Amino acid sequence: FLFAALLWHEVLAAWKARQARGERAMPALEAAMDDVLETQCAKLAITRKLTATMREVWAMQPRFEQRSGHRAYRLVEAARFRMAYDFLALRAASGEVPAELEAWWRAFQSADPETRKAMLLPETGPRKRRRRRRKKRPAEAASQPA
64 FLFAALLWHE VLAAWKARQA RGERAMPALE AAMDDVLETQ CAKLAITRKL
114 TATMREVWAM QPRFEQRSGH RAYRLVEAAR FRMAYDFLAL RAASGEVPAE
164 LEAWWRAFQS ADPETRKAML LPETGPRKRR RRRRKKRPAE AASQPA
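Last residue of the sequence shown: 209 in the numbering used here, with the numbers rising by one and none dropped.
Since the hints were made in silico from the structure, they are not lab data.
Honestly, I wouldn't trust all of these hints.
Simulated crosslink set (EDC-like; lysine to aspartate or glutamate; CA at most 16 angstroms straight-line) [unchecked claim]:
1. K106 with D149
2. K79 with E93
3. K112 with E128
Derived DEER-like restraints, expressed as beta-carbon distance ranges [stated by the list, open to error]:
4. A156 with A94: 38 to 44 angstroms
5. T102 with A156: 23 to 29 angstroms
6. P176 with Q103: 37 to 43 angstroms
From a predicted model like this one, the values you see are computed outputs, not experimental measurements.
Beta carbons: idealized from backbone N, C-alpha and C, even for Gly.
Please take these sequences and the hints and turn them into a complete structure.
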């Protein structure tokens with residue numbers, strides 16, 4: 064957690080630079096994490112277990128802004144949610160993210176199911192349609208001439 068907090072501003076700067084060059088948000092964040100960790104692992108002895116935890120905490124940060132549908136429920140159920148939430152609280156205390164965002168998540172995680180449902184933001188944009196899978200033809204029917 065401490066390494067994640069100390070290195071966050073480097074990750075954030077690299078992430079914003081990549082987004083400014085036109086990269087999509089999540090691939091840019093992943094690449095920024097790779098760059099920072101590659102540099103820091105050459106200087107410090109950081110184990111894979113620690114880097115995996117740092118990556119998880121960093122990757123959850125943009126997901127805190129998505130408060131609609133099942134996304135919020137999935138995030139609360141994540142293994143490292145509490146650590147990522149504490150990191151969000153630090154970011155809110157420093158003014159990097161709105162304090163309302165942290166307050167919303169604080170209330171959401173301790174709310175009962177009905178209150179949680181009422182707290183969710185409405186979905187934005189059209190809902191994605193799932194493709195129907197085509198049924199496979201039986202092998203015998205496929206081998207017979209038409």
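Given the proposed pairing of K112 with E128, does the C-alpha separation stay at or below 16 angstroms? 26 angstroms, violated
Could you say whether the range 38 to 44 angstroms given as a hint is met by the Cβ separation of A156 and A94? Because 28 angstroms falls outside the window, the suggested range is violated.
Falls inside 23 to 29 angstroms, the C-beta gap from T102 to A156? Hint holds: Cβ distance 27 angstroms, inside 23 to 29 angstroms.
For a C-alpha distance cap of 16 angstroms, please report whether K106 and D149 respect it. With a Cα-Cα distance of about 27 angstroms, the restraint between K106 and D149 is violated, given a limit of 16 angstroms.
P176 versus Q103 beta-carbon gap, inside 37 to 43 angstroms or not: 41 angstroms, holds
Take a quick look at whether K79 and E93 sit within 16 angstroms of each other, Cα to Cα. The hint holds at about 12 angstroms.
Of the numbered hints stated above, those contradicted by the structure are hints 1, 3 and 4, listed in ascending order.
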